[in-house]
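Start from chain A and add chain B according to the hints.
What follows is the residue order along each chain.
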Amino acid sequence: MKNETYHKLIDLYAGRELPEGLDEAMEMAAFNDPELSHEMTTMRKTVDALQASSGDTFTEESYQRILMKIYARGGNIMPQAPAPAHLQYHLPMQG
Amino acid sequence: MPNEDAKESLAEKKWLARLAAGDADALGAIYEVYGERIFRYTARMLGNRTDAEDATAETFLRVLRQSATLRADGAFRTWLFRIARNLCIDKLRQHKLLELPPDMQYGGSEEKSALSVTVHQALNQLPLEYREPLVLCDLEEYSAKDAADVLNISVPALKSRLYRGRRALRDKLGSLLEGSKHEERNLSQTD
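Protein chains in written order, with this note's numbering: chain A, 565 to 659; chain B, 586 to 776.
Isolated chain B, as found in the complex:
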């Protein structure tokens, strides 16, 4: 909705101006609106709650530190997600260097269905270039344009990675999707 977008953009400009002036309420307001989205994104990228909380806190600290130089030109959300993304990539690199095993407590298995856990484990095994478009487009419901902006790539490149990512995920979920065999029979009379 263009009107809603315009309102959101106007509100962001006000918050950022107040933030630059040192108003503590402004960061609280920004955290209130974007905290959950950034946490969900970082949790999906990193695969564990502790790192996600850490990356979310650091994202908002960077907003605070850079507020004086930030141009509030309506691209705040993209900028915010880019900060979160860079922090996630740094953390993933650290994990790789330290050879930390993936956190199996991701999301609290007891809270989630077996399917959800399997899907997220498969997602976390995908290369970053495939995981990122899947998280942004299929989970966070970003448009291709917005996701491409966050990743700083073109829309065709984004779509290409998204589709390759879906195929890679499908291959990882192979046996889980076996249940679909009989639906295929409904689609194909020769089966």
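Next comes chain A alone, as it looks inside the complex:
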């Protein structure tokens, strides 16, 4: 049964929150300890994968749709940037 400090050090290592010297000391310790090595590597990989994953992008369409929802629910909002031409409603040409 590993103690709390053991897990805390792995957590800090995973989040790159350890001072440089301690980071290296952990890696040295893992050199002879496959279980520690596995914990350190998989936890750091998890944090890296999470941080590298891109979320939903805030598109121009989303920006405008949110504005429209605010208007529709009675919010008086003045956008700072004008809507791009391709999102503006065009009336058909009069004959």
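Hints should not be assumed to be uniformly reliable.
Claimed, not checked - In the PhoX-like style, the derived pairs of lysine-lysine whose C-alpha atoms are separated by at most 20 Å in a straight line are: (1) B:Lys757 to A:Lys609; (2) B:Lys730 to A:Lys572; (3) B:Lys676 to A:Lys633; (4) A:Lys572 to B:Lys744; (5) B:Lys730 to B:Lys744; (6) A:Lys609 to A:Lys572; (7) B:Lys744 to A:Lys609.
Stated by the list, open to error - Partial pick of chain A residues on the chain B-facing surface, computed with a CB cut under 8 Å: (8) Asn567; (9) Leu582; (10) Thr606; (11) Thr610; (12) Ala613; (13) Ser618; (14) Lys633; (15) Gly639; (16) Asn640.
Simulated from the structure, these hints should not be mistaken for laboratory data.
For every residue, glycine included, the Cβ atom is placed at its ideal position computed from N, Cα and C.
Here is chain B on its own, set in the frame of chain A:
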């Protein structure tokens, strides 16, 4: 940067005062600064664009409705994220009641790498108490103190949830992380 924070806080106070006075430009300015952050946060919490847009719009409407009573004491961002968080929790409860399946179109799979999609699907399967610290600290890059303020918990409690959340996510990503085996061999000579 303290100076930047102070400037931001001062600007927020001005906007909120103008908002309380009914100035439509003020809400637009606040939306300009925080709209994207709130959308990203709600999208990560809810797992789909439509609900995220809805929750983002409602967040700013609540800012508008409560602007007269709001104390602009520099904690505006925390307050804003708390509103968004409460709206997300309400929506998640509704989804649970209606037993809606998770939206597989989250983020537009074609736009994102397979890894990103898998990570977000795993994240969305985590209990809320683990997902929230991961979203705030690892994705939105909040400090532990700021994230704890948004969640209204202590910093040690936040860290505990964050670390347990990372472990739970690691367990869900298990097979995906198998690729790390050979890196482990580099760390451990006995492997």
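Discussion item. So if I understand the rule, the pair passes when the alpha-carbon distance is 20 Å or less; does Lys757 (chain B) with Lys609 (chain A) pass?
Written reply: holds, 13 Å
Worksheet item: Should the hint that Thr606 (chain A) touches chain B count as held when the rule is a Cβ pair under 8 Å?
Response: This hint holds: Thr606 (chain A) lies near chain B, its Cβ roughly 5 Å from the closest one there, short of 8 Å.
Worksheet entry | Given hint Lys744 (chain B) paired with Lys730 (chain B) - CA-CA distance at most 20 Å | It holds: about 10 Å lies between the C-alpha atoms, which stays within 20 Å.
Worksheet item: Is Lys572 (chain A) within 20 Å of Lys744 (chain B), Cα to Cα?
Response: holds, 10 Å
Discussion item. Take the shortest C-beta to C-beta distance between Asn567 (chain A) and chain B; is it under 8 Å?
Written reply: The hint is violated - Asn567 (chain A) has no Cβ within 8 Å of chain B, the shortest such distance being about 15 Å.
Practice prompt. With chain B as the partner, please determine if Asn640 (chain A) meets the hint condition of a C-beta pair closer than 8 Å.
Written response: Holds, about 4 Å.
Worksheet entry | Proposed proximity, Lys633 (chain A) with Lys676 (chain B) (alpha carbon, max 20 Å) | Cα-Cα ~17 Å, so holds.
Item to complete: For the hint on Lys633 (chain A), just tell me whether its beta-carbon gets within less than 8 Å of chain B.
Response: Result: holds, 4 Å to nearest chain B Cβ.
Practice prompt. Tell me if Ser618 (chain A) is really an interface residue toward chain B, meaning its C-beta lies closer than 8 Å to one of theirs.
Written response: Hint holds; Ser618 (chain A) Cβ to chain B Cβ min 5 Å, cut 8 Å.
Worksheet item: When the nearest CB of chain B is found for Gly639 (chain A), is that gap smaller than 8 Å?
Response: holds, 5 Å
Fill in: Distance restraint between Lys730 (chain B) and Lys572 (chain A), which requires alpha-carbon spacing of 20 Å or less
The given pair, whose Cα atoms are some 18 Å apart, holds under the 20 Å limit.
Item to complete: Would you check whether Leu582 (chain A) satisfies its interface hint, that is, whether its CB is within less than 8 Å of any CB in chain B?
Response: This interface hint is violated because 14 Å lies over the 8 Å limit.
The earlier numbered hints that this structure contradicts are 8 and 9.
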